[in-house]
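Chains A and B supply the protein sequences, listed in that same order. If you use my numbering, the first sequence closes out at 280, no skipped numbers anywhere. If you use my numbering, the second sequence closes out at 306, no skipped numbers anywhere.
Because the hints were derived from the structure by calculation, they are not lab data. Do not take every clue at face value.
[Said to hold, decoys possible] Heads up, simulated EDC-like pairs for lysine to aspartate or glutamate below, C-alpha to C-alpha not over 20 Å straight-line:
#1 A:140 x B:32
#2 B:2 x A:113
#3 A:89 x A:178
Because the structure is a prediction, the values reported are computed rather than measured.
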Amino acid sequence: MIYIVLGFAFWAAGWVLNVRLANGPSGDVRSVRIAIPLIFGLTILVIWEFFVLGFEINPVFLPRPSDIMIRMSQELPRLWADFVQTIIKGALTGYIIGGLAAFGVAILADRSEFLTRGVLPVGSFMAALPIVGIAPIFVKWFGSDWESKAAVVAVMVFFPILVNAVAGLRDTTAMQRDLMRTYGAGYWPTLFKLRLPAAMPFIFNGLKIATTLALIGAIVAEFFGSPTVGMGFRISTSFGQLALDMVWAEIVVAALAGSACYGLVTLLERWMTFWHPSNR
Amino acid sequence: MKSFFPVVTVVAAVLLIWIIAVVPMNMHLTADQAQRDGLVVSPDTPIARQDFSGLGLAVRNSHLIPLTYVNIRPRLPSPHQIAIELYDTVIDKKITSKRSLVYHGWVTLAPTLLGFAIGTLLGIMLAVGIVFSRVMDRSVMPWAIVSQTIPILALAPMIIVVMGAAGIQGILPKAVIAAYLSFFPVVVGMVKGLRSPEGMQLDLLRTYHSSNSQGFWKLRLPASTPYLFASLKIGISASLIGTIVAELPTGAKAGFGARMLVGDQYGQPILSWAALFAAAITAAALVGIIGMIERGTLRQMGMKPA
Chain A
1 MIYIVLGFAF
11 WAAGWVLNVR
21 LANGPSGDVR
31 SVRIAIPLIF
41 GLTILVIWEF
51 FVLGFEINPV
61 FLPRPSDIMI
71 RMSQELPRLW
81 ADFVQTIIKG
91 ALTGYIIGGL
101 AAFGVAILAD
111 RSEFLTRGVL
121 PVGSFMAALP
131 IVGIAPIFVK
141 WFGSDWESKA
151 AVVAVMVFFP
161 ILVNAVAGLR
171 DTTAMQRDLM
181 RTYGAGYWPT
191 LFKLRLPAAM
201 PFIFNGLKIA
211 TTLALIGAIV
221 AEFFGSPTVG
231 MGFRISTSFG
241 QLALDMVWAE
251 IVVAALAGSA
261 CYGLVTLLER
271 WMTFWHPSNR
Chain B
1 MKSFFPVVTV
11 VAAVLLIWII
21 AVVPMNMHLT
31 ADQAQRDGLV
41 VSPDTPIARQ
51 DFSGLGLAVR
61 NSHLIPLTYV
71 NIRPRLPSPH
81 QIAIELYDTV
91 IDKKITSKRS
101 LVYHGWVTLA
111 PTLLGFAIGT
121 LLGIMLAVGI
131 VFSRVMDRSV
141 MPWAIVSQTI
151 PILALAPMII
161 VVMGAAGIQG
171 ILPKAVIAAY
181 LSFFPVVVGM
191 VKGLRSPEGM
201 QLDLLRTYHS
211 SNSQGFWKLR
221 LPASTPYLFA
231 SLKIGISASL
241 IGTIVAELPT
251 GAKAGFGARM
261 LVGDQYGQPI
271 LSWAALFAAA
281 ITAAALVGII
291 GMIERGTLRQ
301 MGMKPA
């Protein structure tokens, strides 16, 4: 009972603090803007901890955050091995293959207005489909190691990147292209000096959508067959052993990896499209 | 209509590549089967055939090529096999039959729609809260954005099992996942939409001495409609994908996801492929329906899509 009261008290305290901070005079200072969501997240964690204790929830259903942290610190080598297998070998390889393929097809399709008009609707249609469903088929085709995961990821990331790249390559105005023509620039100089840079904001948008898809593809594909390492494998086997704290540990790793990949692409975007109005 | 022929061309090209790929993909299986049926195959042992690629084998045994298209358990089924299976299980079977894809489709669709409705409703409510409360904006909004970068979908099967163990079964666990996945796109889109009225428009309302709630009902909410529809389209396809993934490895007995897995495990690839295509058609139909409602609503309101 005392834990439940403590949980509510902590929640109230966090809320009051955030109300003060957000509506106070320093509400627009950068550090305060970062602190507010962090305080909110922390209160959620503390309430979770206290409520699990207070309501005596079976840890098989919902482990406490502290249990998960302890488990993570104990299992670091194993978590790292899973991370390498799933994220680096599976997701990253597939992301690069799918991205390059999409980019190549986009540049080819862009040579003809006819193809562009065909590729855009078909691509955006495909991007909305449940492509993860191919995972069992691909595991059968390419074996259970990371190659099949990379293949699933490659197909999943292909369409969003393709659609954005094709849309981006069309984004120059007639005036800009005419200027290049008056300079006597041919197809390739125009592509590299005008159209690719102009397409960058679009391409990065596609790349950002694709990071989350890549992780989903790599993890889900492991549910259908994998060597005895990998995040998807660990999630499903730990689940079978009712070791929910290990499942949550993998979830934390997946969440951190997802946010980190997204952040990395965003940083790269800032660095490469520094000229774009949204970054100035 | 301008893009009708280009689209047809691209689709035809993809189909052509597929039809050509059927031959090398299925050649080894077909050659093994043909030998068992007493046909002449060169090289004449399966082990010797392993040294050849599917393409090389096809060149040496050109008389077997037609057989690659009628394999019962192909590695890659030919499009017409999937079409026949789809016709069989969608139109020929009674919809109450356990083998009817319409039945399985409804098993998947019901939680998708329920979850989508819940997720959208909650998403709109949270978005309204975020727009009107600075505290909620500052504390919840960053998490709503970060949550988009987390591969939650991969955990869908686990959520199903946990809820099943807690005694919640049937349509609800899948609906929870569908709701979760459609929730955040709606929040992010609606916040953007409710904030889309410009200073000039807000100022005009202030000169009318309108209250906050009048401003909401008469300006902010109508202005957010295009954004709402844009996120609804993302949300519904995310919901459907979530439900299917939730069905995949959890031993679900019915639904598109279960169908894909059953076909895979019992060596009936055509079944998996048919389920995959049925799921794709369903997703396309759902997005299409929302697109139609969007066009109708926006035309009535005199607006353009976001």
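Hints and how they fare:
no., hint, result
1, A:140 x B:32, "19 Å, holds"
2, B:2 x A:113, "12 Å, holds"
3, A:89 x A:178, "45 Å, violated"
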